[in-house]
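Participant: So the chains spell out like this:
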Amino acid sequence: MPNPGARHLAVAAESLYLANLMLAPGLAFVLLLVLYWRRRHSADALALNHLSQTVGVSLLGGGLIGVGGVLLALFGGTESGYTWMMVVLYFTFVNSSLILFGVIGLVRAMAGRRYVYPLLGGLFRS
Amino acid sequence: MKYSSQAVAKPYFIAAIGLFIGQILFGVILGLQYVIGDFLFPEIPFNVARMVHTNLLIVWLLFGFMGAAYYLVPEEAERELHSPVLARALFWIFLLAGALTILGYLLVPYARLADMTLNDLLPTMGREFLEQPTITKVGIVVVALGFLYNVGMTVLAGRKTVVNIVLLTGLVGLAVLFLFAFYVPDNLVLDKFYWWWVVHLWVEGVWELILGSILAFVLIKVTGVDREVIEKWLYVIIAMALITGIVGTGHHYYWIGTPEYWQWWGSVFSAMEPIPFLMMAVFAFNMINRRRRDHPNRAALLWAQGTAVMAFLGAGVWGFLHTLAPVNYYTHGTQITAAHGHMAFYGAYVMIVLTVISYAMPILRGQQAADPRAQVVEMWAFWLMTVSMVFITLFLTGAGVLQVWMQRYTENPLPFMVVQEKVAIFYWLRELAGLVFLIGLATYVASFFVKGGERAMGSDIAVDTA
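Note that the protein sequences, when read in sequence, are chains A and B. If you're matching positions, the first sequence starts at 244 in my numbering and goes up one per residue. If you're matching positions, the second sequence starts at 250 in my numbering and goes up one per residue.
Among these hints, one or two may not hold up.
[Stated by the list, open to error] Pulled a few chain A residues facing chain B out of the computed Cβ check, cut under 8 Å: (1) G324; (2) W327; (3) M328; (4) V331; (5) S339; (6) S340; (7) V346; (8) I347; (9) M353; (10) L363.
[Stated by the list, open to error] Distance condition first, Cα-Cα at most 25 Å in a straight line; then the derived SDA-like pairs of lysine to any residue: (11) B:K671 <-> A:L332; (12) B:K481 <-> B:Q554; (13) B:K671 <-> A:L274; (14) B:K671 <-> A:I347; (15) B:K481 <-> A:V254; (16) B:K671 <-> A:P247; (17) B:K481 <-> A:R356; (18) B:K671 <-> A:H251; (19) B:K470 <-> A:A354; (20) B:K481 <-> B:G422; (21) B:K671 <-> A:V331; (22) B:K671 <-> A:A354; (23) B:K470 <-> A:I347; (24) B:K481 <-> A:A255; (25) B:K481 <-> A:V330; (26) B:K671 <-> A:S323; (27) B:K481 <-> A:T335; (28) B:K251 <-> B:I270; (29) B:K671 <-> A:L317; (30) B:K481 <-> A:H251; (31) B:K481 <-> A:N246; (32) B:K481 <-> A:A249; (33) B:K671 <-> A:Y325; (34) B:K409 <-> B:R540; (35) B:K481 <-> A:P247; (36) B:K481 <-> A:I347; (37) B:K671 <-> A:M329; (38) B:K671 <-> A:Y333; (39) B:K671 <-> A:T321; (40) B:K259 <-> B:M365.
Since the hints were derived computationally from the structure, they do not count as laboratory data. Every value quoted in this text rests on a predicted model; they were computed, and no experiment measured them. Quick reminder that beta carbons are idealized off the backbone N, C-alpha and C, glycines included.
Whenever a hint applies, use it, and build me the whole structure from the sequences.
Facilitator: In structure tokens, the structure reads:
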């Protein structure tokens with residue numbers, strides 16, 4: 244059974260990850276980075292797992308959204324309605340998927356269990 | 250089943266499914282009319298098909314809610330229903346009134362229907378979703394009062410649980426807010442203002458209480474998690490739903506002639522409306538993760554999980570997509586709204602009714618859970634309907650974004666009908682997805698008649714889902 248402190252830290256990491264995707268983009272990510280930076284050496288395995296997963300997937304997910312959007316705009320041209328249709332659908336799909344993965348991450352953190360995000364999380368195993 | 254009076258729920262569920270089939274058939278007709286304008290004209294004009302499609306949705310969901318209440322209230326209150334006879338009588342009244350109204354839409358021109366039903370005495374007809382003749386509306390109020398009396402007396406005389414109280418609060422809210430369907434001011438702005446008190450405060454207010462309580466009830470039953478834990482979640486979720494949803498009504502007031510401050514209030518509060526749906530998803534998955542019972546009804550569990558996810562996507566994500574005033578300035582009333590409406594209604598309310606039917610119907614038919622083979626068919630139906638609804642939503646979103654661009658955003662906007670022709674491919678694709686949905690619904694109905702398979706026994710052993 245993980246200690247309550249580790250579980251709280253894991254829950255905080257997952258909550259900030261979700262807040263970054265929904266409520267306070269950017270601000271929540273900065274707070275998540277600060278949390279990771281300050282606790283990366285002292286956190287136990289569970290908390291470190293959630294901290295590194297959320298920071299890593301936030302960075303990669305943000306990149307995926309940004310790069311994908313720019314590529315679509317470059318190839319489709321910003322003066323085409325079809326480009327914007329693709330951008331909106333792409334953004335909504337990636338953002339929603341990241342949120343739903345985050346929901347599972349938060350549930351796992353609350354249960355005191357480790358979690359590796361599908362597709363992206365494998366790069367950030369701790 | 251614990252109490253024999255719970256059996257009154259069964260006809261409500263059957264009627265709900267029957268009307269659901271009608272709704273989808275008219276949906277498929279409507280979808281085709283988007284691309285073949287005179288399909289079935291003049292027998293079923295577009296405006297009539299649309300009215301039947303949306304009205305059937307509302308009526309069958311109400312049947313579903315009432316069935317759910319008649320099933321779960323006695324069990325939660327630990328006593329028989331106050332009056333099963335009244336429940337049965339109200340069922341037939343509601344069904345007859347609903348059927349006559351739909352037949353009226355289909356067989357008589359709307360203006361003549363208004364004359365025939367003495368709309369002049371108290372004019373309430375002609376408003377979207379509230380097209381019902383005044384006499385039908387009066388009937389709905391009578392049924393609602395009788396229903397609330399019956400359920401309320403059961404709750405008052407029995408054990409008062411959070412699930413029952415939240416459900417009753419939602420149902421009372423539903424009935425009270427419907428009274429605004431009778432208030433039709435001459436001023437068009439005021440008319441729209443109060444019209445939303447029925448439409449918005451139902452689906453983004455009190456119906457969420459009904460949704461939350463039904464979901465909590467099913468999760469208590471199938472997961473075996475302590476009631477106290479589930480009840481605490483329910484309190485927080487409904488508080489957030491009301492805090493965000495009530496002032497969030499403002500997102501309908503942006504461009505209808507109301508003061509400008511609604512653009513701020515509406516944007517800020519409705520931007521927070523996804524939060525209770527996100528919490529509902531966390532809640533459902535958390536309870537399933539902590540479950541202490543391996544319930545044999547796997548289909549009900551799947552519907553419950555599906556409700557949480559699809560409600561978040563449809564009501565939360567697709568709602569947020571066009572809720573901020575500067576965005577809504579362009580998207581208002583486009584196919585993006587239709588995309589949101591389809592997935593939100595399916596995810597939040599269709600799926601929760603199918604969840605409770607999936608859980609309760611086998612018990613009402615004398616089983617703990619449906620036969621395994623029937624459950625497999627039901628789960629096929631789940632995936633067929635859910636995936637096709639995702640595609641319906643995506644195609645409508647695609648059509649909506651293009652519509653916004655071509656009709657509203659560019660320097661040389663195109664006329665509405667020109668744009669409709671340009672996005673016709675999306676309507677064809679939506680129709681295809683609609684047909685798959687219809688196949689899913691047929692599969693769902695078929696699952697009630699399938700028997701056999703090796704029966705898994707329920708157990709209370711702790712299961713490790715990690």
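Participant: If a hint holds in the structure, say so; if it does not, say that too.
Facilitator: How the hints compare with the structure:
Hint on G324 (chain A) holds. Least Cβ distance to chain B is approximately 3 Å, under the 8 Å limit. A cut of 8 Å between beta carbons decides the hint on W327 (chain A): the least distance to chain B is about 6 Å, and the hint holds. Of the supplied interface hints, the one on M328 (chain A) holds, with its beta-carbon coming within about 4 Å of a beta-carbon of chain B, less than 8 Å. About 5 Å separates the beta-carbon of V331 (chain A) from the nearest beta-carbon of chain B, less than 8 Å, and the hint is met.
Checking S339 (chain A) against chain B by beta carbon gives a least distance of about 5 Å; that is within 8 Å, so the hint holds. Contact between S340 (chain A) and chain B, as hinted, is not supported at the beta carbon level, the nearest pair being about 10 Å apart and thus beyond 8 Å. Of the supplied interface hints, the one on V346 (chain A) holds, with its beta-carbon coming within about 5 Å of a beta-carbon of chain B, less than 8 Å. A cut of 8 Å between beta carbons decides the hint on I347 (chain A): the least distance to chain B is about 6 Å, and the hint holds.
At about 6 Å, the closest approach between the beta carbon of M353 (chain A) and any beta carbon in chain B falls short of 8 Å, and the interface hint on this residue holds. Checking L363 (chain A) against chain B: minimum C-beta separation of about 19 Å lies over 8 Å; hint violated. About 19 Å separates the Cα atoms of K671 (chain B) and L332 (chain A), which keeps this hinted pair within 25 Å; it holds. Taking the CA atoms of K481 (chain B) and Q554 (chain B), the gap is about 19 Å. The hint holds against a cut of 25 Å.
The straight-line distance between the Cα atoms of K671 (chain B) and L274 (chain A) is roughly 46 Å, outside the 25 Å bound, and the hint therefore fails. About 40 Å separates the Cα atoms of K671 (chain B) and I347 (chain A), which puts this hinted pair outside 25 Å; it is violated. For the suggested pair K481 (chain B) and V254 (chain A), the alpha carbons sit about 18 Å apart, so the restraint of at most 25 Å is met. For a cut-off of 25 Å, the pair hint linking K671 (chain B) to P247 (chain A) is broken: about 58 Å separates their Cα positions.
A distance of roughly 22 Å separates the Cα atoms of K481 (chain B) and R356 (chain A); the hinted pair therefore holds under the 25 Å criterion. In summary, the hint linking K671 (chain B) to H251 (chain A) is not supported, as the alpha carbons are separated by about 53 Å, beyond the 25 Å threshold. The suggested pairing of K470 (chain B) with A354 (chain A) holds, with an alpha-carbon distance near 20 Å, which does not exceed 25 Å. In summary, the hint linking K481 (chain B) to G422 (chain B) is supported, as the alpha carbons are separated by about 21 Å, within the 25 Å threshold.
Using a Cα cut-off of 25 Å, the hinted pair K671 (chain B) and V331 (chain A) holds, with the two alpha carbons roughly 19 Å apart. A hinted pair counts as satisfied when its Cα atoms are at most 25 Å apart, and K671 (chain B) with A354 (chain A) does not qualify at roughly 51 Å. The straight-line distance between the Cα atoms of K470 (chain B) and I347 (chain A) is roughly 22 Å, inside the 25 Å bound, and the hint therefore holds. With a CA separation close to 20 Å, the supplied pair K481 (chain B) and A255 (chain A) stays within the 25 Å bound.
At roughly 39 Å between alpha-carbon atoms, K481 (chain B) and V330 (chain A) are farther apart than 25 Å, so this suggested pair is violated. Of the supplied pair hints, the one linking K671 (chain B) and S323 (chain A) holds, its CA atoms being roughly 13 Å apart against a limit of 25 Å. Taking the CA atoms of K481 (chain B) and T335 (chain A), the gap is about 31 Å. The hint is violated against a cut of 25 Å. For a cut-off of 25 Å, the pair hint linking K251 (chain B) to I270 (chain B) is broken: about 30 Å separates their Cα positions.
Between the alpha carbons of K671 (chain B) and L317 (chain A) the distance comes to roughly 23 Å, so the proposed pair stays at or under 25 Å and holds. In summary, the hint linking K481 (chain B) to H251 (chain A) is supported, as the alpha carbons are separated by about 19 Å, within the 25 Å threshold. As the CA atoms of K481 (chain B) and N246 (chain A) are separated by approximately 23 Å, the hinted pair is consistent with the 25 Å bound. For the given pair, K481 (chain B) sits about 23 Å from A249 (chain A) by alpha-carbon distance, which is consistent with the 25 Å threshold.
For the hint linking K671 (chain B) to Y325 (chain A), the alpha-carbon distance of about 11 Å falls within 25 Å, and the restraint holds. A C-alpha spacing of about 24 Å is found between K409 (chain B) and R540 (chain B), which places the hinted pair at or below 25 Å, so the restraint holds. With a CA separation close to 20 Å, the supplied pair K481 (chain B) and P247 (chain A) stays within the 25 Å bound. Proximity of K481 (chain B) to I347 (chain A) is assessed by CA-CA distance (about 20 Å); at most 25 Å being required, the pair is judged to hold.
Between K671 (chain B) and M329 (chain A) the alpha-carbon distance is near 16 Å, which keeps this suggested pair within the 25 Å criterion. Between K671 (chain B) and Y333 (chain A) the CA atoms are separated by roughly 21 Å; this keeps the pair inside 25 Å, and the hint holds. For the proposed pair K671 (chain B) and T321 (chain A), the alpha carbon gap of about 19 Å is at most 25 Å, so the pair holds. Taking the CA atoms of K259 (chain B) and M365 (chain B), the gap is about 34 Å. The hint is violated against a cut of 25 Å.
This entry does not satisfy hints 6, 10, 13, 14, 16, 18, 22, 25, 27, 28, 40, going by the numbered hints stated previously.
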